[in-house]
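Asker: Using our numbering, the first residue of the sequence shown is number 1, and each one after it goes up by one.
Derived from the structure by calculation, the hints contain no laboratory data. A few of these clues could be false.
As a list, the in silico EDC-like pairs of lysine to aspartate or glutamate whose alpha-carbon atoms are at most 20 Å apart [said to hold, decoys possible]: (1) 283 x 9; (2) 278 x 211; (3) 137 x 10; (4) 143 x 113; (5) 281 x 152; (6) 365 x 330; (7) 365 x 152; (8) 2 x 139; (9) 227 x 240; (10) 258 x 297.
Simulated restraints on C-beta separations [claimed, not checked]: (11) 13 x 299: 39 to 49 Å; (12) 189 x 164: 41 to 51 Å; (13) 170 x 364: 17 to 27 Å; (14) 92 x 256: 42 to 52 Å; (15) 223 x 23: 33 to 43 Å; (16) 295 x 256: 19 to 29 Å; (17) 166 x 225: 17 to 27 Å; (18) 328 x 89: 44 to 54 Å.
Ideal Cβ placement from N, Cα and C applies to all residues, glycine included.
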Amino acid sequence: MKRAAILTDDGTVIAAQSIGSDEITVGEIVFNTSMTGYQEMITDPSYNSQIITFTNPHIGNTGTNYHDQESDKDGCSGVILRNYPTLDSSWRKEKSLIDFLRDRNIAALCSVDTRHLTSLLRKKGSLNGCLVPNIEKLDEAKKLLSDFSGLDGLDLAKVVSTQNTYEWKEGTHDLILNKKRNNIKKRFHVYAYDFGIKKNILRILYDLGCDITVLPANYPFADLENKNPDGIFLSNGPGDPSACSYAIENIKKIISSKIPVFGICLGFQLLCLASGAKTYKMKFGHHGANHPVIDTETRKVSITSQNHGFAVELSSLTDNHKITHKSLFDDSLQGIELLDSPAYGFQGHPEASPGPQDIYYLFEKFITSMTNRNA
Numbered sequence: 001m002k003r004a005a006i007l008t009d010d011g012t013v014i015a016a017q018s019i020g021s022d023e024i025t026v027g028e029i030v031f032n033t034s035m036t037g038y039q040e041m042i043t044d045p046s047y048n049s050q051i052i053t054f055t056n057p058h059i060g061n062t063g064t065n066y067h068d069q070e071s072d073k074d075g076c077s078g079v080i081l082r083n084y085p086t087l088d089s090s091w092r093k094e095k096s097l098i099d100f101l102r103d104r105n106i107a108a109l110c111s112v113d114t115r116h117l118t119s120l121l122r123k124k125g126s127l128n129g130c131l132v133p134n135i136e137k138l139d140e141a142k143k144l145l146s147d148f149s150g151l152d153g154l155d156l157a158k159v160v161s162t163q164n165t166y167e168w169k170e171g172t173h174d175l176i177l178n179k180k181r182n183n184i185k186k187r188f189h190v191y192a193y194d195f196g197i198k199k200n201i202l203r204i205l206y207d208l209g210c211d212i213t214v215l216p217a218n219y220p221f222a223d224l225e226n227k228n229p230d231g232i233f234l235s236n237g238p239g240d241p242s243a244c245s246y247a248i249e250n251i252k253k254i255i256s257s258k259i260p261v262f263g264i265c266l267g268f269q270l271l272c273l274a275s276g277a278k279t280y281k282m283k284f285g286h287h288g289a290n291h292p293v294i295d296t297e298t299r300k301v302s303i304t305s306q307n308h309g310f311a312v313e314l315s316s317l318t319d320n321h322k323i324t325h326k327s328l329f330d331d332s333l334q335g336i337e338l339l340d341s342p343a344y345g346f347q348g349h350p351e352a353s354p355g356p357q358d359i360y361y362l363f364e365k366f367i368t369s370m371t372n373r374n375a
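Start from the sequences, fold in the hints, and give me the full structure.
Answerer: Written out as structure tokens, the structure reads:
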């Protein structure tokens, strides 16, 4: 291990040890309260240009494996840990967390008082910061950090999105039989816009009977409309939703077409923007797997997985928006559906990975919407 440091834009310097990439990494520092699922979080494209502080002190206990990756190429910009990952044990393990981080060239620092850092973030909000794997390069890091403007106004969807369309043909992994569920009878053809899509979303849609074509973030709706889709999915992703003007214009046309639409996280925010609402940057966002959300119609409370730094302004909703879900942490908007089109979305992550699956029924709602259209 090398002597390292965390540098934040408020001037704080925190001593650490480097166990990952040797490259200086700049991004927005956030904290995540999940106790499991570290590999899924690290490989979630929604964390692009963000550095994850894990509040759980023990990270890396079960190693890593290929099947738990949410993306093969994208994910967070860096990780901050309390303890050095020592012993890992799991029948599914393929490599250690440290080897995994180094193979993916991800900066990682440990021996950090993460309680202190989390308290700092809770007080001041998400901070722009820098992981400095070599303490001797602190001056260089200060220059890089001063050049980083943050996530406001930053379109990262086009950075992490696929550049080419492709077909998805993989279901969820059966840990008991140790095989993929690939024998599902297909009923619908869903086209998924990739703004930073997670694999588990695609796996669940496949399991529910969907042929899936994944599209680049800027794929023109005029070309898509000619393919006669049964449904359109708007994926999660990183960055500022208001910066994705091309996506917003596409979604306006999708809404007018009356094709069933389901949006998650960034996709949810883009759906709201395209239908007249506004978004804002949150103080420190929602990152964790223990967030209570209430269904405004049934009053049922679900525990959900969350990962977002922007949110939709409640006061900006129009008469065409029906509120379906709200956060019980801070009363922020978690779900809407449109009254004049079969389109709806959810701010959190019903696909979990990691986290609870209480709100999985939103995927089934998408299937019902497509069924009703084809009836």
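Asker: Now tell me, hint by hint, if it's right for this structure.
Answerer: Results for each hint:
no. : hint                  : result
1   : 283 x 9               : holds (15 Å)
2   : 278 x 211             : violated (33 Å)
3   : 137 x 10              : holds (18 Å)
4   : 143 x 113             : violated (25 Å)
5   : 281 x 152             : holds (7 Å)
6   : 365 x 330             : violated (26 Å)
7   : 365 x 152             : violated (33 Å)
8   : 2 x 139               : holds (17 Å)
9   : 227 x 240             : violated (29 Å)
10  : 258 x 297             : violated (24 Å)
11  : 13 x 299: 39 to 49 Å  : holds (48 Å)
12  : 189 x 164: 41 to 51 Å : violated (18 Å)
13  : 170 x 364: 17 to 27 Å : holds (20 Å)
14  : 92 x 256: 42 to 52 Å  : holds (46 Å)
15  : 223 x 23: 33 to 43 Å  : holds (38 Å)
16  : 295 x 256: 19 to 29 Å : holds (28 Å)
17  : 166 x 225: 17 to 27 Å : holds (20 Å)
18  : 328 x 89: 44 to 54 Å  : violated (36 Å)
Hint compliance for this structure: hints 2, 4, 6, 7, 9, 10, 12 and 18 are broken, all remaining hints hold.
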